[in-house]
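Asks: Since chain Y is already given, all that's left is putting chain S on it; use the hints.
Chains Y and S, in that order, give the protein sequences. Counting the first sequence from 1 gives a position; my numbering is that position plus 26. Counting the second sequence from 1 gives a position; my numbering is that position plus 26.
Treat each hint with caution, since some may be false.
It does not matter which identical chain is meant; a pair holds if it fits inside one copy or across any two.
Unchecked claim - Straight-line alpha carbon distances no greater than 25 angstroms define the calculated SDA-like cross-link-like pairs of lysine to any residue that follow: (1) Lys29 x Arg339; (2) Lys212 x Pro229; (3) Lys315 x Gly329; (4) Lys205 x Phe125; (5) Lys212 x Gln324; (6) Lys315 x Gly340; (7) Lys29 x Ala338; (8) Lys315 x Gln33; (9) Lys29 x Val77; (10) Lys29 x Glu254; (11) Lys212 x Trp309; (12) Lys178 x Tyr250.
Treat the hints as calculated values from the structure; they're not laboratory data.
Protein chains: 2
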Amino acid sequence: MSKTEQQWIEAISGWVPPTDTSVLVGIGDDAAVFESRGLNVATTDTLVEGVHFDLSYCLPEEVGHKALAVNLSDIAAMAARPSQALISLVLPAARAESFVPGFYAGLSILARENGVNIIGGNLSRASVTAPMVVSVTLLGETERPVLRSGAKVGDVVFLIGDVGCAAAGLALLRSEGRKAIGGPFKDLVRAQLRPEAQTSAVPLIEAAAHALIDVSDGLASELYHLSEGSRMAFEIDTTHLGLGSDLLSAAQVLGQDPLHWALYGGEDYALLGTAPAEAVAQWRIPGLKTIGTVRQGQGVWIGSTTPRKRLARGGHDHFEAP
Amino acid sequence: MSKTEQQWIEAISGWVPPTDTSVLVGIGDDAAVFESRGLNVATTDTLVEGVHFDLSYCLPEEVGHKALAVNLSDIAAMAARPSQALISLVLPAARAESFVPGFYAGLSILARENGVNIIGGNLSRASVTAPMVVSVTLLGETERPVLRSGAKVGDVVFLIGDVGCAAAGLALLRSEGRKAIGGPFKDLVRAQLRPEAQTSAVPLIEAAAHALIDVSDGLASELYHLSEGSRMAFEIDTTHLGLGSDLLSAAQVLGQDPLHWALYGGEDYALLGTAPAEAVAQWRIPGLKTIGTVRQGQGVWIGSTTPRKRLARGGHDHFEAP
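Next comes chain Y alone, as it looks inside the complex:
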C-alpha cells in the first residue's frame, strides 16, 4: 500500500528536523516561518530525470545530494551563507517508495553539514511515464553580496575548485555505467555524482572579492558572464587551470580533449571571481588557482598566445532546441 501525500509529508518532516532556532514553524502548516539576519538571498534550481540525472547510474541519495549542492553553489557565489530550503518533488506514485527515502537521506546529510533547514516542500504525482523533477529553492543571508558586476581593472581572476572533472565523470559513466565508480577514475566520477559546492571558501574570500560566480555551465560561459556583467575584458591563461593528471589520462582513454571539458563541460560548481592580487596572495584555500587578469575593454581572451585569441563562448545551455 502506497503512502498518501500527507503520510509522505509526515515521514519527511521526521527525517529533516530543523538544525537551528531560526525556524519558528517548519513543515506541516500552510507555510514555514523563520527569522533572518542581514540581507536575504534566494535561488532555485531544478534537476530533470533524463536531462540532469539518470537513475541507471545515479542513486537516489546522489540526486538528493546534487539537488542541494547546485543550490549551495549559487548561494556561495553571492558570498552568502545558506539557511533554509524548500523541496519540490514530482514523480510517478509507484516510484516514490524506491526514491523518496534515499533522496531525502542524501539531501539531509548535506543540509546538516551546511546548517540548512528543510522548512517546506511539495510532493506531486505525475503519470507513470513522466520523468522525475526535483526543484530546490535555497535561501541564505549575507551582509555584503558579491555580484557578477564588480570586477575591477587589475584584479586577478581566481578559480576555487576543479573544472572539467564533472564532464569527464559523466563521459565515464555514459561509457562504463556505474562500475566506473570503483574504477581508476573514481574521483572524476565522484565529481559528477556528488559535486561539492565551495561553501567553505566563502568566509575566506567575502571581504576581498570584487566579483563572483559559480561555474555551473562551463568555465568559458561563466567568464563571459563576469566580463559582460562587469564591462571588463578578461585575459585568461589556460595553462593555469591546474588540470589534474587523472583528467588528462581519462581524456586520453576516451579520446577527448581535457581542455574542452574544462572550458565547456559544466557542472563543476567551482567558484570563479576577481579580487586584488595582494588579497588573493594571502588566501590559503585548497584548490585555489589564479588564472588571469581583468583589463579595460571587453571580451574573454587567451592571454598566453601572441596574437591573443578570443575564447569561444560555448557553454552548457540546458534549453537549447533539440
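Replies: Chain S alone, transformed into the frame defined by chain Y:
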C-alpha cells in the same frame, strides 16, 4: 529558431521588473538579494500538466495565474503579506514559445496586483513527451503568523470565500471543454481556471484570528487539519456553507451532489479559521460565513443533526496511489 535558456531568462526579466525597492538584485545573478521586515514566511507549490492543469481547456495565462494564486493562498493562510517569488518551469523546448510568454503574462498581472516581485527562477527542458511542471516558491512577511494550532474553545469557525465552485467548474470543463467558459455556469468555471486567493481579507482578520488554513484540499480535510492541529473538536453546520444557486443548478445538470463538491472538491482557496464570535461579528468581508463552533474534544462533527454525526474526512490527495 528557438530561444536558448539565457535568451529566455533575459526576456522574462524584462517582463517582470521588480515592483518595489525591497529587491536589491533581481533575476540575472547567481541568486537574488532582497530585504525583509518582520518574520519571513515561505511556501512552495507545484502544478503538473495532466494532474493539476490541462492545456486542452486552460490557457497558459490561466496556468500562470493559478500557479501564483495557490501560493498566495498559502501565504494568506499564515496571515502574512506576500513579497518575493521564484518560478521554476520544466517543459519540452519545442513548447516554450507557445507557453512561456502567456504563462508569465498571467502570473505577472497577479504578482503586480499583490505587490509580489519575481526575483528568480529556472527554465529546464524536458523530453518531448514529458508533462510540463510549474513550481512557484513564494515568500512573505508577517509580524504575527496565525497557525493551524491556535483554535480556542468557544471560537466560531469562519469561512471566507466559496467552496465547491472550483470542483463544479472542473466537472463542467471535463464535460463541455472550453466552451463551458461562456456558458450559464461561467462563474463556476472561472473559479477553477482563475482561482482568487483571499489576500485582501488578511489585514481585516489578522489581529483576531486564532487559527487559519486555506481550503486547497477540500473543506472536510482542512477542518480536520485545524481540529487535529489545535486538539479541539469542531462542530459544523453544513447549512451555513452558503452554497450558491449556480452551484446547486450545475450539480443538478451534472447529476452530482453539491455538498460533496463543497466538502471534498478542493482547489477553492477559501480561508478557513477560528476567532472569537464578537470579533467575527465586526468583520465586513464579502463571502464571510460562520459555519460552526470550536468545542473541547476531538473530531469534526455535523452539529445540526441529532444525534450528531462525524464528518467523513475524504479529501483531495494529490499523491494517492493510482
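Asks: Each hint: holds or not?
Replies: Evaluated hints:
1. When the C-alpha separation of Lys29 and Arg339 is checked against a cutoff of 25 angstroms, the pair qualifies only between copies, where the shortest distance is 17 angstroms, while the shortest distance within a copy is 47 angstroms.
2. Taking the closest pair of Cα atoms, Lys212 and Pro229 never come within 25 angstroms of each other, the shortest separation being 30 angstroms inside a single copy and 57 angstroms across copies.
3. Proximity of Lys315 and Gly329 under a CA criterion of 25 angstroms is satisfied intra-copy only: 16 angstroms inside one chain copy versus 72 angstroms between copies.
4. Taking the shortest alpha-carbon separations for Lys205 and Phe125, only the intra-copy value of 21 angstroms comes in at or below 25 angstroms, while the best inter-copy value is 41 angstroms.
5. For the identical chains of this complex, Lys212 and Gln324 are neighbours neither inside a copy (39 angstroms) nor across copies (57 angstroms), given an alpha-carbon limit of 25 angstroms.
6. Within a single copy, Lys315 and Gly340 get their C-alpha atoms as close as 22 angstroms, which meets the 25 angstroms cut-off; across copies the closest is 60 angstroms, which misses it.
7. Proximity of Lys29 to Ala338 under the C-alpha cut-off of 25 angstroms is restricted to the inter-copy arrangement: shortest distance 19 angstroms between copies versus 50 angstroms within a copy.
8. Proximity of Lys315 and Gln33 under a CA criterion of 25 angstroms is satisfied in neither setting, with 48 angstroms inside one chain copy and 31 angstroms between copies.
9. Taking identical chains as interchangeable, the C-alpha atoms of Lys29 and Val77 lie at most 25 angstroms apart only when they sit on different chains, with a minimum of 18 angstroms there against 28 angstroms within one chain.
10. When the C-alpha separation of Lys29 and Glu254 is checked against a cutoff of 25 angstroms, the pair qualifies only between copies, where the shortest distance is 20 angstroms, while the shortest distance within a copy is 49 angstroms.
11. Taking the closest pair of Cα atoms, Lys212 and Trp309 never come within 25 angstroms of each other, the shortest separation being 29 angstroms inside a single copy and 66 angstroms across copies.
12. For the homomeric pair Lys178 and Tyr250, the shortest alpha-carbon distance inside one copy (15 angstroms) is at most 25 angstroms, but the shortest distance between copies (59 angstroms) is not.
Consistency note: the structure conflicts with the earlier hints numbered 2, 5, 8, 11.
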